[in-house]
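Each chain is listed here by its residues.
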Amino acid sequence: MKHNLILRVVSKFLIPLIILFALYVQFHGDFGPGGGFQAGVIFSAAIILYGLVFGVDKAKRVITPYILRLLASLGVLIYAGTGVATILLGGNFLQYGVLASSQLAGQHVGILVIELGVGITVMSVMLIIFFTFAERGQAVLNSKAESERE
Amino acid sequence: MDMILGHYNYWMVIIIMMAGFYTVISRGNLVKKIVGLNIFQVSVFLLYISIGNVKGGATPIIETGVDLYSNPLPHVLILTAIVVGVATTALGLALVVRIKEAYGTIEEDDIHNQDQSL
Amino acid sequence: MIENHLSLLLVVLPLLAAPIAAVLPNGRLPWAVSTLVSWSVVYLAAWQLMNVSTGQVISYELGGWAPPWGIEYRIDAANALVALIVSGIAALTLPYALKSVIKEIPQQQHALLYAAFMLCLTGLLGIAQTGDIFNLFVFLEISSLSSYALISLGKKRQALTAAYQYLIMGTIGATFFIIGVGLLYAMTGTLNMADLAQRLPELYEHRTIHTAFAFIMVGFALKLALFPLHVWLPNAYTYAPTVVTIFLAATATKVAVYVMLRMVFTVFSFTFIENTPADELFLLLCVMGILGMSFYAIYQKDSKRLLAYSSVAQIGYMMLGIGLGSVLGATATLVHLFNHALMKGALFMAIGALVYRVGSSRLEHLPGLGKQMPWTFAAIVIGGLSLIGVPGTAGFISKWYLVLAAIEKQNWLIVGVILIGSLLAVAYVWKIIEVLYFKATDELEHKYVTVKEAPLLMLIPMWVLVLANVYFGFNTELTVGTAEQAVKLLIPSAN
Chain A
0 MKHNLILRVV SKFLIPLIIL FALYVQFHGD FGPGGGFQAG VIFSAAIILY
50 GLVFGVDKAK RVITPYILRL LASLGVLIYA GTGVATILLG GNFLQYGVLA
100 SSQLAGQHVG ILVIELGVGI TVMSVMLIIF FTFAERGQAV LNSKAESERE
Chain B
0 MDMILGHYNY WMVIIIMMAG FYTVISRGNL VKKIVGLNIF QVSVFLLYIS
50 IGNVKGGATP IIETGVDLYS NPLPHVLILT AIVVGVATTA LGLALVVRIK
100 EAYGTIEEDD IHNQDQSL
Chain C
0 MIENHLSLLL VVLPLLAAPI AAVLPNGRLP WAVSTLVSWS VVYLAAWQLM
50 NVSTGQVISY ELGGWAPPWG IEYRIDAANA LVALIVSGIA ALTLPYALKS
100 VIKEIPQQQH ALLYAAFMLC LTGLLGIAQT GDIFNLFVFL EISSLSSYAL
150 ISLGKKRQAL TAAYQYLIMG TIGATFFIIG VGLLYAMTGT LNMADLAQRL
200 PELYEHRTIH TAFAFIMVGF ALKLALFPLH VWLPNAYTYA PTVVTIFLAA
250 TATKVAVYVM LRMVFTVFSF TFIENTPADE LFLLLCVMGI LGMSFYAIYQ
300 KDSKRLLAYS SVAQIGYMML GIGLGSVLGA TATLVHLFNH ALMKGALFMA
350 IGALVYRVGS SRLEHLPGLG KQMPWTFAAI VIGGLSLIGV PGTAGFISKW
400 YLVLAAIEKQ NWLIVGVILI GSLLAVAYVW KIIEVLYFKA TDELEHKYVT
450 VKEAPLLMLI PMWVLVLANV YFGFNTELTV GTAEQAVKLL IPSAN
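Chains as they are written, first to last, in numbering that gives the first Met the number 0: chain A, 0 to 149; chain B, 0 to 117; chain C, 0 to 494.
Extracted from the complex, chain A is given alone in its bound form:
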């Protein structure tokens, strides 16, 4: 992909916009269409695009697989942790009302935090899936090339 100048320039221009849009979908989700699932997928699309144009190895330097595994777990923990927090504050599991002073404010805080957890997990899981498949393909190609040389 070294010579595709147009692709490289355009994607460098697009990637920040995609990430920005992902954040918009993420945090505007309680007023309009959107939410963690969509935002996570859009965010991961930005990095997958980077990986496709500049190579998977470079993309892995942006977010290493180990950090992705941490993030995927972190998202689930945020989700379940919010539920546990609402229990500790005296409500039922995921009863957002108790998170803030008023019922309405609590609902806002609750859904934002939950969707953040969902977004982080979806983003990292999509990237893990992409990296894992890309890695396998490369490993097979490398071993084939080796066996042909022999």
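One or more hints might be untrue.
Unchecked claim - Counterexamples of contact, computed for chain B against chain C with all Cβ distances above 10 angstroms:
1. Leu4
2. Asn28
3. Lys54
4. Ile60
5. Asp66
6. Pro71
7. Asp108
Said to hold, decoys possible - For each label pair, taking beta carbons as the anchor points, the in silico distance ranges come out as:
8. B:Tyr21 / A:Asp29: 38 to 48 angstroms
9. A:Ile66 / B:Val34: 41 to 51 angstroms
10. B:Ala57 / C:Arg27: 51 to 61 angstroms
11. C:Leu35 / B:Ile14: 47 to 57 angstroms
12. A:His27 / C:Ala185: 29 to 39 angstroms
13. A:Asn3 / C:Gly69: 49 to 59 angstroms
14. C:Gly54 / A:Tyr65: 49 to 59 angstroms
15. A:Tyr65 / B:Ile81: 26 to 36 angstroms
16. C:Gln409 / A:Gly89: 53 to 63 angstroms
17. A:Ser101 / C:Lys154: 55 to 65 angstroms
18. C:Gly69 / A:Ala104: 15 to 25 angstroms
19. B:Gly56 / A:Pro64: 38 to 48 angstroms
20. C:Tyr203 / B:Tyr9: 13 to 23 angstroms
By construction, these hints were calculated from the structure, which means they are not laboratory data.
Don't be surprised by glycine CBs; every beta carbon is placed ideally from N, CA and C.
Position chains B and C against the provided structure of chain A, taking the given hints into account.
For chains B and C alone, coordinates are given in the frame of chain A:
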């Protein structure tokens, strides 16, 4: 005639469902089976989404002056089912990659023959 | 405070443990976290069963939304019994897992294996706890997806094709189930099971409801491996890692049987089933399953596969109770569900111990091992007796109730089938015992002379289950008592 036109969404669902289901059953190629499974699942998504529509109902965002809304619940349910479908597809394809590495083929018959000859 | 959130923590604790186990370094830590969590879950499940054993129903509203709008966890004696089996088997499997996993699975996969195990536990407990039919589907898929991944970790390459086959069939089953749920929702506008049960009776004549029922039944028949939809099961159990086989054989199909009970008796009612061909069809398939699969089991050359076919036959017994459609039948199903988890757990653990020592579960590699590993061999004998249904073991109690249920319905054919099935069980259990003890050749005996008894960490869980088999053969208060209590709530007309 009303039986067909009045329920056209159900007919579409049935056609897509059977196309997907037939692909899963009849194809020997493991990737094609997963494609068939996806088509099969998509038909169910359509079933849910189409029953959520209320005739003359507005988008389910509260506004003054509107009192008939479409039902948003099936959409939420199906969002969950879509995520499950993505996870199933990813896991299925990962298994196919591993099977290809272990057997050198993704044709069901070849795999079966290799296991039999052991 | 915990008391109010008891039924929820049962599901949330393993859910929290899964991501934690996934990020811990490979080694003993993920195992320790999972074991700790599984033991606390057993404690919670036992507490929950005590609370509901008096006939009380616990209702927990997720997010504080009142049912039928919000998701409700609704626990009666049936749920609590199933939750106790699932968590109990998990808590016994995990101590057993430590050594077995180190031997069978490459080290870099340990943390992920325990994470998947915890997710599977979350899913199975969730199915047992939830009172919302769509929530049930989500938990079903959580447990199924993690079990596909767990099965594919098996050492042989056939594990991959077994997992793939299970994935295809399991997904078709689950999709059938949501088609049925969607049709029910279109007709009634509710997803809460208790609410569905109230709204359905006036729609019983409607064709859509019959279609929905058919989809749900076929979907779950695939999941619980009812003959002839069982083809995924023998391969999956044979090639999965030992620990996974123990856990899935003892819990996954049991939970599916519980859902079937819930659907047939609570959501729909038996008056509805009697107007469909479903009950006769169940009986027919069960009879064919019991006889056919027991025969198949006799001719197997691999001990794990033999027990897997026996599992399919035993699922036939459980579904017989549902097909008979009486209070006694449902009681027998619940009792057998509990007892079968005990016996298959014990037997697969014993076979796993043999695999741990000699690295193979094929019968031709096992001759004479019974003399080298007397405790494991004794476990197989007692577990086998329970599987046959010899008086004094748990298996006898469940068969006794099944026979009673069949006699009550004057269905002598079923009585005969249960007896013939037990005779066939004698044949296949004898086959393992004969190989282990009486078929020792000099050559193999020489080779195995250095084989030692299984490690203590494997023997203790195995013997806990074996002794439970004997204990529940004499003391039926927990099994039959709870089951009778549960059936009272499952079948309201029984009162």
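Hints and how they fare:
no. : hint                                    : verdict
1   : Leu4                                    : 19 angstroms, holds
2   : Asn28                                   : 12 angstroms, holds
3   : Lys54                                   : 14 angstroms, holds
4   : Ile60                                   : 19 angstroms, holds
5   : Asp66                                   : 18 angstroms, holds
6   : Pro71                                   : 13 angstroms, holds
7   : Asp108                                  : 12 angstroms, holds
8   : B:Tyr21 / A:Asp29: 38 to 48 angstroms   : 42 angstroms, holds
9   : A:Ile66 / B:Val34: 41 to 51 angstroms   : 33 angstroms, violated
10  : B:Ala57 / C:Arg27: 51 to 61 angstroms   : 58 angstroms, holds
11  : C:Leu35 / B:Ile14: 47 to 57 angstroms   : 52 angstroms, holds
12  : A:His27 / C:Ala185: 29 to 39 angstroms  : 32 angstroms, holds
13  : A:Asn3 / C:Gly69: 49 to 59 angstroms    : 52 angstroms, holds
14  : C:Gly54 / A:Tyr65: 49 to 59 angstroms   : 52 angstroms, holds
15  : A:Tyr65 / B:Ile81: 26 to 36 angstroms   : 28 angstroms, holds
16  : C:Gln409 / A:Gly89: 53 to 63 angstroms  : 57 angstroms, holds
17  : A:Ser101 / C:Lys154: 55 to 65 angstroms : 57 angstroms, holds
18  : C:Gly69 / A:Ala104: 15 to 25 angstroms  : 20 angstroms, holds
19  : B:Gly56 / A:Pro64: 38 to 48 angstroms   : 46 angstroms, holds
20  : C:Tyr203 / B:Tyr9: 13 to 23 angstroms   : 21 angstroms, holds
Hint violations for this structure: number 9 only, all remaining hints satisfied.
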